[in-house]
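Chain residues, written in single-letter form:
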Amino acid sequence: MSNLEPVIGIDLGTTNSVVATVRDGVPRVIPSRTGQLLTPSIVAVAKNGKELVGGLAKRQAITNAENTVYAAKRLIGRRWGSREVEDARRVLPYELTAGPEGNDVRIKLGGRVVTIPEVSALVLAELKADAEAWFGRPVTQAVVTVPAYFNDGQRQATKDAGRIAGLEVLRIINEPTSAALAYGFGKLIEKKVVVFDLGGGTFDVSVLDIGKSVFDVVAVGGDTYLGGEDFDRRVMDWLTFTFARENGGVDLRQDKMALQRLKDAAEKAKIELSAVPASDIHLPFLASGGDGKQALHLTKQLGREKLEEITKDLVDRCIAVTERTLRDAGVRPNQVDEVILVGGMTRMPRVQRAVREFFGKEPCKGVHPDEVVALGAAIQAQALTAPAQPGNDVLLLDVTPQNLGLLVVGGYFQTVIPRNTTVPTSQTHLFTTVQDQQTSVRIAVLQGEKERAIDNELLGEFILAGIRPARRGEVSIEVTFDISADGIVGVAARDVDTGQQQSITVTATSGLTEEELRRIMDDRVDDLLTRKQSTAEFDAARERASAAVREIEALVPAVQAALERSKFGKDAVQKAEGVMARVRQAIEAKDTAELAASAEPLERTLQLFKGLAGQAARPPGGA
Amino acid sequence: MSVNRYQGFVFNPADLSEDVDLDVERRKEILFAEARLASWTHFDLLGLPWNASAEAAKAAYVAKVKVFHPDRYPGQRLGSFRARLEKVFGRLTEARDVLTDEPRRAAYARATAPALERAALEARRLGDERRSEERRARLGRQNPLLARAGRVAELMKRGQEGMAAGQHAQAANDFLLVASLDPSNREAVALAAECKRRSTAHKVQELMEKAAASEALGQWGQALLAYGAALQLDAAHLKACIYGSRAAISQGDGGAARELAEQGVRAAPRNGAAHEALGVALEALGQRAEAKKALERAVELDPRLETAKERLKKLRWSFLG
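So the protein sequences, as listed, match chains R and S.
Going by our numbering, the first residue of the first sequence is number 1, and it counts up by one from there.
Going by our numbering, the first residue of the second sequence is number 1, and it counts up by one from there.
It cannot be assumed that every hint is accurate.
[What the hints assert, rightly or not] Derived lysine-lysine pairs resembling PhoX-like cross-links, with alpha carbons at most 20 Å apart:
| id | chain 1 | residue 1 | chain 2 | residue 2 |
| --- | --- | --- | --- | --- |
| 1 | S | K293 | S | K313 |
| 2 | R | K212 | S | K64 |
| 3 | R | K268 | R | K312 |
| 4 | S | K28 | S | K64 |
| 5 | S | K58 | R | K191 |
| 6 | R | K256 | R | K47 |
| 7 | S | K314 | S | K293 |
| 8 | R | K212 | R | K268 |
| 9 | S | K58 | R | K212 |
| 10 | S | K203 | S | K239 |
| 11 | R | K212 | R | K192 |
| 12 | R | K191 | S | K64 |
| 13 | S | K58 | S | K87 |
| 14 | R | K192 | R | K47 |
| 15 | S | K66 | R | K191 |
| 16 | R | K256 | R | K108 |
| 17 | S | K66 | R | K212 |
| 18 | R | K58 | R | K192 |
| 19 | R | K58 | R | K268 |
| 20 | R | K365 | R | K187 |
| 21 | S | K66 | R | K187 |
| 22 | S | K64 | S | K87 |
| 23 | R | K187 | S | K58 |
| 24 | R | K108 | R | K58 |
| 25 | R | K300 | R | K268 |
| 26 | R | K58 | R | K47 |
| 27 | R | K192 | S | K58 |
Please keep in mind that the hints were generated in silico from the structure rather than gathered at the bench.
Okay, chain R solo, but in the shape it has when bound:
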């Protein structure tokens, strides 16, 4: 098993991301090179033009709001001009712009226009690098999670992000499913489980039947625009509104830096309120008074009750979605054996209470809401690459998240594969022509829940030509939809009489054309080349440092003996240990610069030790 290449599972979250793997049959989170389990999904371009990812990007967000991208997941795979993107434009401190074909969203970042998958790719690449440092070997395959309710376009965009980051995405799986996988892994249970996943940006709920290591998803539902960020925004709105009222109408929303500070404070207060009944918010010098007036400070106390009041409708929406999903599954709340809470927002007492009231039972406390999704992804990654091990084999039976169908006459949407159908699947429908002497039909493949075709996502289209001319309704056209285990949609249309056939593999448009994707990946390859060079450099430095460390360690007993007889340099060994610890850390983190910096003190220590050891070797009393 150990000679198989390591595979990882990545929970690419709206606010935080986590990477995990399965080692010796146990799923575990991989810490970042700085020792953190959660990596903020934030990317920034610093003033000096350097790309920053994760914690570093988050730390400088306040002073560099325009060039710090957070919550990119809310934009991935979205169309320019959609309601969601328009909403985001109003509140995000960084600037959005339309793609060259005007249908996808791009971000202006550090004087450059980047695509959303590129931004997500930076986060993925960071996690990949963390995993590589941890394993000490390259990692190229991963399972990445997305909200269950993501449509094909959003999934494809996430996959593209993986490719840009140099990862082969084995499978895109749904976050709640992933959580259930981690929950039921190796337990051999037979239960009906509901996963209630309220994350940073999205809300997902899934109903699963777990039986003998087969995880059968019965129904999924959710809202891709409901999550912790919305709770934060409610608090921000409340703060800006009360601030304006108390300070003669000063509008904080005009000030990007103030907005960023408010956002951080709102998030912090919200998190605090899960543990304490009231939280104080202090933001000194939040706004300049203008015209030489005194600077304005914000000091407010937010109570838990107030927070619950201003976010009540958000919680109600979660329950409404849960209700609908259970109805889809044909399951009553009291038939559910276990409710698993996932996502940081489920720590909020009001959310927990709502869940308890709806299901009439205490939710499961056995899983870590932040880590469980990544752990499940790691389990699925393992299952998709390694032969099943007895005791912990896993088979995930996932479902289609949304209806899949065709545009039909009158601009309506005709479902062919309904949502919550277990994949892989294949379904055939018969259609007829609608005009006399019609010789071709346009097959437009759509995904969504809306009755009118235009309100749904267009996945692809093609023309079936060469139809036998006849009166309308006399020609039968057989359309077959086919979804493979890895979610690839194929559509074929056939004229039943003439046998004329046409088909496509639907590759949802992530907004990136294949050409663009290739160009971006070429750029990345250049990056990789420079990185490879630095790897060679690092290897050389590591060799040198390791040799020095080994030499020093060999001298330690002699040095200690010498020091016992000497009045000087009592702290020499301590100092040496400090230097060596730094070197070891630098090797662990593959930090060439740090390694180079510690080369000199290492050398000095070695010389010192050599001297001391030489003294110790001399006969006592000699000079």
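Assemble chain S onto chain R, guided by the hints.
Coordinates of chain S only, in the frame set by chain R:
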């Protein structure tokens, strides 16, 4: 599983030798399942007996998908077998969807009941019916009102059975009895009338046959009696009149012949054959003028009557002579 579970199935050697990472047994299992998709019921597909429970279906599904889901072959080349697996998997899921939903499962089980099971079911149903009938009869014997209703039902049933068997007289009796027990039963009255009609027709038919047989033997008296009896039952039986008249002439009884022929003419005044018979009878009696008149009328009504034309010709010549 037994070694010859694929008995009678011929595997395509090309499929068995395709360059994929699957052992031969697994390939056979997949190919066999794929080939049987169309003919197998959901129960067969899941390896279950007919009418297995929803729980059994679910357990079987969980076991089967571990074989037929492509994800179970990580890192293995599947070639054409990937599509085959997906096809079988799709059908398994369909089976699961139907069989784990109790109303759908029950309907499906009814629709796919094997012939033997169906026969057993039918036998059980008939047995139930018979038992309930016996029970009703027992009740009927104990309760006068029910007894009467039971008797009516019994008679109606016997009557109908008799009617179907051709025992019209008997059936008519039964229906008449019903009508007397239950005067408001219009169906019984109508059926009784119908049975009577059929019974008479049947008897007339018998008499006609008997008469024909007697004629063939030259027993004209016997034949004449039979025709007379038939006309007693059905006075308007034209054939009986004509044949009877003919038999009477053969018997040498012109008077009887004339009477029968006249009865025929009354029954069917516009029938040539009746007038012809009358003409022949009158001729036999020697009333030539009257005979001529009757024969002319016969030919007028039906020009194809050869006997009438011939007789008429003779009668005309004899006038000259």
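Indices of hints not satisfied (ascending): Numbers 8, 14, 18 - these are the hints that the structure violates, sorted from lowest upward.
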